[in-house]
Each structure stands twice: as C-alpha cells, then as structure tokens.
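Colleague: Put chain B on the given structure of chain A with help from the hints.
Protein chains: 2
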Amino acid sequence: MKVVIVGAVAAGMSAATRLRRLDESAQIVVLEAGDHVSFANCGLPYYVGGVIEERSALLLQTPQSLHARFDLDVRVRSRVIDVDPADRTVTVLTADGEQYLEDYDHLILSPGARPIVPDVPGAERALVLRDVADVDRMAAATADARTAVVIGAGFVGLEVAENLRHRGIDVTVVELAPQVLGALDPEMAVRVQDRLVRNGVRVITSAQVTAIGEATADVAGPTGTQTVPADLVVASIGVTPDSTLAAAAGADLGPRGAILVDEDMRTSVPGIYAVGDAAAKRDAFGDGPTLIPLANLANRHGRRVADVIAGMPGRGRPSIGTAVVGVFGLTAAVTGRTERRLRAEGRDYRAIHSHPMDHAGYYPGATQMTLKLLVDPSTDAILGAQGVGEAGVDKRIDIIATAIAGGITASELADLELAYAPAYGSAKDPINMLGYVAENAAAGTTPSVQWHELASAGDEAPVVLDVRTAAEHARGTVVPPWGDAPVNIAVDDLRERHGELPRDRRIVVHCQVGQRGHTATRLLRQLGYDAANLDGGYLTWRDGIRTLEQAAASAV
Amino acid sequence: MKVVIVGAVAAGMSAATRLRRLDESAQIVVLEAGDHVSFANCGLPYYVGGVIEERSALLLQTPQSLHARFDLDVRVRSRVIDVDPADRTVTVLTADGEQYLEDYDHLILSPGARPIVPDVPGAERALVLRDVADVDRMAAATADARTAVVIGAGFVGLEVAENLRHRGIDVTVVELAPQVLGALDPEMAVRVQDRLVRNGVRVITSAQVTAIGEATADVAGPTGTQTVPADLVVASIGVTPDSTLAAAAGADLGPRGAILVDEDMRTSVPGIYAVGDAAAKRDAFGDGPTLIPLANLANRHGRRVADVIAGMPGRGRPSIGTAVVGVFGLTAAVTGRTERRLRAEGRDYRAIHSHPMDHAGYYPGATQMTLKLLVDPSTDAILGAQGVGEAGVDKRIDIIATAIAGGITASELADLELAYAPAYGSAKDPINMLGYVAENAAAGTTPSVQWHELASAGDEAPVVLDVRTAAEHARGTVVPPWGDAPVNIAVDDLRERHGELPRDRRIVVHCQVGQRGHTATRLLRQLGYDAANLDGGYLTWRDGIRTLEQAAASAV
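If you're matching them up, the sequences are chains A and B in order.
UniProt numbering puts the last residue of the first sequence at 556; the count rises by one with no breaks.
UniProt numbering puts the last residue of the second sequence at 556; the count rises by one with no breaks.
Bound-form chain A, shown alone:
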C-alpha cells in the first residue's frame, strides 16, 4: 500500500505517523511545498514578539527525524500541482523546477488554508503569518518598524497585535466588524477591546484598509478616511481553504471552498481524502458542513484518516469548535455557537450571562470573569459558551465543551462535581451556577431580560429596579432609555418597601451580576408582581451598552 500525503503540518503529519504505527509495511510519501515540516504553527505570533525566543523551538521535526523514527519519505519544497484520480498519480513540482509523477493508492490532502490578503492597492506589502518563511519575514520587518497596522481583529490578528506591542511597535488594529474578536458576541468581546486599548493598541472598528502606502495605510470608516502610519502591515482577515488541488481532482467543495468529506474524511473522489483546515467539518449544531480551521480538529482528523486507511473501526464525530486566545493577560474562549450566529440562523435560544470569581472570593487573588451560555429552550441542550477573564476561563470553557460532547444539558451543569478547594474554584463552581440559572430559566422560576431588550423602549416600558445598595447604585446604574428615573431599593429592604413599586407595570430587577436580582425577582413574583431579572445584571448591561458606544467612538 502506498499513501501520498500533501502537506506536512498538523493533520498531514498526524496522519503519516499514525499510519506508520498501524502499518509498518505501507509506503508513506509526504509532499510539502514549503521548507519546513510539522512546525509550531500556533507559536508563530509569539516568536514575532520574542515570547518564544528561539526560532528552533518552532521546528518540531525534520524530514530526517521523521524518516528515522517513522520511516517516512518526506519531501520538502515539493509542490503538488496536479492530480489524476483515474491513474492515481500526482504531479510534483520541485523548487528546482523539475516535475515528476508520483502514484498512490490513497491520497490524503492536507494543504491547509491560505491567509486572505485584501484586494487593495499596495497589498503586496501586507505580510501574513502562515508558515516559517512568513514568520522570518515578519520578524525581520519588526526590527526597523516603529508603526504597524494589523488588518483584522480575529484570533491571529490579536496575537500579532500583542506581539508587535511587545516589540515596542505602535499598533493600529483595523476591523471591518463593529467589534473585535468576531468569534465572540459583542458584549463579551468589548472587554478584549478594552484590554487592547489599555495596552496601547489603537482599535478602529467598522472600518477597512482601502490602500497601503509606503509607510502608511488608508483606513475608511463610516465617517470618512484617514491615513494611519504603518511601517508594517499585517493581513489577518481570515483564511481560505487551499482547495485548488482538490478542485482540480474534481472533488466536491462546500462552504467557502472547503473540501467536502464524509465522516471518514473521504472526498467525493475515490481514493482521495482531505483533512485539516482545507476540509469542511460536520457541524454538531446543524445538518450541513461547516468551516472550523483549528489545530485540535486538524490533528484529530489526521489521526482519523490514518485509522480509516488502516481499516480500524472508526467513529466520525461532528465538530463543535472550541478556541481560546490570550490578549495582554486576558483570556477569551469560546465553544459552539455564538448568539449572533444563532440569531442569523433564525434559531430559538436562551442566553445566560454571569460574572463569577475564578475561585473563592475569600481566598487571595480571586478575579472576576464573565461567562455566557447559550441554550436551546426547547431541549435545554447547550448550544455554546463564551468566557472572558483573568484566570480560569479556559477551564470553564473546556468543561462546557466536554458537557456538550457528553450531551449534558444546561440544567445538568448544576450537578457537575468539579474539583473544589478555595484556590481553585468555589463550592458552587461558576459552571454549577450557570446550571442553576439555566434550571431557573427552564422551570420559569425566574424569567430574565437581556441587556439589549433594555436598550430601547418597548411598547410597555417596564420599571427598572436596582436592588443593590445605595452606594453601588450611586456608582453607576442601568438608565432606562425611556426617561424613567431608576428606582433603587436594596434587596435586603425589599420585603418592607416593595409597596413603593407599581403593581400595574412590569418590573425589571437588576443587581451587579444577577444573583441578588434573582432573589429579588423571586420575592416580587411571589408577592404578585410581574418581575423579571436583568440577565448578568448591571455588568452585562454596561458591557452591552459599551459595545454600542465603542463602535461609535472607534469608527473614524
């Protein structure tokens, strides 16, 4: 059996090594267009910033080391330019300009995804960050650069922005959307934007780079165009599946050009498989294929395709999509669907926000995080979660990703037995608390209102009741846009003073994070008031309102 693999990073290399462990006799040829194999893709931005000091740390394997350990025939600077699926051959173009045919029994395509470069004048000056050659170029460019524009505020864009700051460069991030980090909902991402700004990164949202000059970039926003200094321009507006070869072979393509595969990673062409960022994933939350260019799935699917070719019993799984990014010490993580996407899909959902401490408040060093949970109101299934905070965020998102995989419902998060000591969590962990809130929502115990439902007056504007203390109220409170004065009765006084509230109007209760509001809402409802709790309290409302302000302020 002869297996040819196109692409020697993540998925391709996982496939090659797994296949060798399963089949010592297989002939395995790996063809890589670039100079390097199996390099630390996700480490590239950190080498630019000097966080990873040694370039050699990025280079995990060489063709020689892979030959010694796994008897792989790895050929770098060998670009596959054509496939003949009928003859089962590929045409290889070497760096020397030579061409040759290589035959195969099984062909695994793992070409990855190409960074998208905006189609604007001067675009040839925009650097991208896909491979070791790219990182060498960018590292060299940082030596002389004093200013930089990063186009795109996604995961990679933010990592690059932070690392350029580490090099002392003045960085402007330009993002087409009204928010940074579109993988998160705006009221979550707003804290990431704050963190960027506090660390000297200029953020311009709802804007795009229209031209790149010699040391500048023109940025056009809703209110006009400005020229921003840019010794260095980095394009990180996303990636596009490198599916040219698959298309040439006649394979069916799916969303944004991703190669369509079945659950065994087979393309529509016999004998050809696809894995990694170029391949479409099965969507765990919908029927169709989806694009999730993440390293964890690439490695997983690389292993899987080796199992399939070796005839091992398999289990294809739909993909959830889980990701994390660190931004100047702040962690932002996400799994599954966002609210934005659920809304775009026209799906019914329930959103829950919370602001728990990462560990017991009475133990030193506790910090507050923000969590968001998205729930299918008809089945109580978890559809997604997001977290932003100083510590413990990746843990909570991983727990929820695992819960989704295990079919644990939102309410059942209440029952999870998580490791508790005061330095690590709380006896009621943030995850358990999300479950409690979800349970109360599902049972109708405490109806809730979202921040954006208070952003504009409805037909019947409710009374907004702040149940925090007078001191907290004075420091800032939810201001109903319909002109009512905010009402403040502390939760501990509510049994005595509830008579001050009108019985003929809806009451939206809020506290700081939603917990006292829940207690107050329960009290008022039992006393016959039509009360609901502002989900996530003042903090979520404020974050939500600030997304609107920030989008306005940062637009040029």
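Hints were generated in silico from the structure; no laboratory data involved.
What you were told as hints is all true, and nothing was included just to trick you.
The list treats identical chains as one, so a pair stands whether inside a single copy or across any two.
Below 25 Å or equal to it, Euclidean Cα-Cα: the simulated SDA-like pairs (lysine to any residue) are:
no., residue 1, residue 2
1, Lys2, Asp492
2, Lys2, Ala86
3, Lys2, Gln526
4, Lys2, Arg88
5, Lys2, Thr445
6, Lys2, Arg495
7, Lys2, Gly250
8, Lys2, Glu102
9, Lys2, Ser268
Modeller: Chain B only, in chain A's frame:
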C-alpha cells in the same frame, strides 16, 4: 409550611436560601449549635497560615444578614438534642442551658461530620479544624508553637501542615498508611510527599501517634517508637458523620454511620431529610451508598432538598466524588475511583499513566504533570482519574469528571474539542492523549505493562528495552529485578537494530513517559516480536518504585 433545618453551614444554608426563593410564605427556622453560620469552612487552614489574613473573610453571613435577605429565623448556639418524629418536634438546648420544643412539617438534618480524634493518652491536647472556634484555638496556639505534629496526611492534614510551615513551625506529619494523601494512588501521591519534604515537612508513614505529651508526641512505626517534638498537635485523620440526632430519630444509618437517604434526600423517617457531610451519597460506580464529605456535594444536595420540599421536579444523581488540594504550589486532584479501591472491590480495570506538559512545550513556562486514568476494560467507561502537577491539573480532572457525568468513554476523550492556544494547552491536549492511549489499549493496538508488574520477576521474565537515547538511558533507567542488564536501543535506531533482540522472549519496551515506547512497541509487534509498552514509561516506574523506597525510608 414550617421547615426546621439543623446546621447552618453549606448544605443547611443552601437549603434554607433556596427554599425561601421558592416559597416566600414558608416559615424557615435554622438551628445552629455553634456561634457562626455559613462560614468559609474550606478556608480555615489558610487563615491558620495567614494566607487569608482577615478573620472576617471567613464569615460570609450572619443571622441578621440572612434574616434581612431571606427572612430566615437563624438561631446560633442552639443545639438540637432530640427529635420526636411522631409529634414532629425537636428539642433545642440553648447555650444558656434552656430547653424548648420547636415543631416542624419538614426537618432537614445538616449537622456535618465530626473530626475523629485518636483515642490515645493526651488526646485532649489535639486540636481539630471544623469550625470558627477551632480555627481561633489553632491560630492562637500557633503564636507560641515552634513544633507541631499533624496526625493524618489527608486533604485537611496537608493543608494544615503547609499552613503551619507558613507560620515558621517545624511540622511532622504522621500517617497510618504507607503513603500520604490516600485519596490518590501511591505512585501519584509520592510526588506530593516529595513536595512536603522539600518544603521542610517531616513525613512519617506507616506509623501512628500512640501518646501525646506536654510538648511531644510518641510515634510508633513498624520498626519502633520515637518521641517527636510537638508544641501543637492537630488531629486530621478523617471525619465521622454527625448522625446522633438522626439515630435518635430512628433513621437508618449506612456506611460509617452516615445517614441513609433516597435520591430526594429523604431519610427512612417520614418528614426528615438529611444533606451534607452527615448524609450518605449514592455511589456512581456501585450500587450501595457511600460517604463523600465534600463541600460541592453538600451545597448541591442542600439545594436539591429545597426543591423536593417545594415540590419542584427533581433529578437525583449518583455521586462521583471530585477533590483537589494544593500542597506548596503542587496541585493534586482526583475524581471517581482509585486503583487501590477498584482492586479492593475486586473489579476489573485498566490503568493509564501519562506525563504531559500543561501547555505546548515550545511556549515558555510549560510544566510536566502526571495523569492517571482508570478504565473499565469491558465497557471502556471511565472509572476515575488523578492528576499531580504545577499547573493545569484541576482543569484536566474537571474535564474528566464532566466526561464521566456525560457518559463519555475513555476512547472518546480523544475526540474532545478543548480550547487550544500554546499558552493554554496542546493541539493534542493531555486529555486527548489519554483518549489515544485508551483507544490503543481497547483496540489491542499497544498492550501495556504496569510499573508494579515489573517490580518482581514473573515466571517468564521479559527483556526490558529502553528506547530512549543513550544519554537518557545513562541518567537512570528501569532495572529489571531479575538481574538482566537493561537493553538500550533508541527508537530511531530500532528498525536497523531490532535483530539484536531475542524473538523467543517477551519484550517490555519503555521510554521516558510512554510515547516513544508506544511507537517502538508498534514497530516491534509488526515485526513479529511479543512486545508491550511500559505504561507511563520510566517516570511512572520510578515513581512507583519510589513509593516502596519512601515507605521504607520514612517508617521509624
């Protein structure tokens, strides 16, 4: 409806506040024998050590605050000394010596568990750590103490030992078992013992305190008795359910005197419920009741009993048991069953050890942890897990606890989509890697051998093959006790040199952590050798062997 709750910490208070939120009209009386309510139980050791500086940080609520917010009638210094289940009354003894009857419709027992004090001469001098009065006594005693003996090396004992060291006290920990932290298996706990010793704690295992003198403790071990200086003696050998009252009421008791309850927390006596450390839990891994005195379950069950009394639809869940402890910066965590317990129960299991980095090795600050997974070989169900390391251990154990709750099998851990960026994990997270190993074990791809199977020669002693480099081999290797010289062929040379190995003997392959060993085992098996991989590699073998040495060395 009138509900009387005995005990105003964790479970009792969760029940009271939840019940109020569900039923504004209920009369709720909480009777607490001590001076304080709802204090930070798990924070007590850290106040002793000064990690938590303010005593007030431990006191989360007062009877007044609970009355204001939840309309609770909380009475401290009020001990319930009798129950009449027929009349539905309890007899309350106040600190002033007065007695009165209090009637109830529902009685919730949440009395907690009492620290066990060893029955030895001088035992009255032993301090325990259950409540605020205890912590005041211990904090006062640390002022003058220069030496201390901590009896018992469980979670609380180790927390106390560390915190006494923070106070500059010379600490000796005396443990009856041959290892510290009996909640973990010995080859995992050995690293905790190392950490204690490196931080100046003397550890004596397989020993007990036989007498407590004025400033000493007599310690008897297998080889004799010694007198250890002990200005301070702390008993932390475990707790016993405080079930006197339940017994007086005629409630059925279970393991170690725990109050038996059904899944709705009902005791065998109508109208009486029990929650918290005094109540038995339903065992997720067996049929019978079990004792799991942990704060997370106490809070959970307190909430649950309120739901039951308020008539909310419920879901009783069996308990897994998940716990964590920090010991001088090292984290040790566990969920589910240990190997020791599975063996004691005569159950079939498979053990898997790994030593992954907490995040990508190429990103600064990565540290190595040790993980252990226990699997039901017939169903692939996860039976338990343990972790010890500098960082990321609580996250991994929480993920596995969630996987157990969701019915995710050991092999399916391979597919979990966990948040990856190089500062947070690996593209193949330690959890995924456990899944890979489990999958290979389940499929028979790579048979494995446990460290203790190499501790003594079997009938057919295998060849032990070290596939690490010669340099690694020279630094320390697995030495077969049957006198064979260890064989060293680096994995990268094995294709060329395998002919040096005998074909008529079993070969146990090992590397440092098990990964290269897996590759080498696969190669050898495909070449026709009877090869198996040493699970967890040299590191697990060394840890295992050291448990034997340490037990011998620390015994007096």
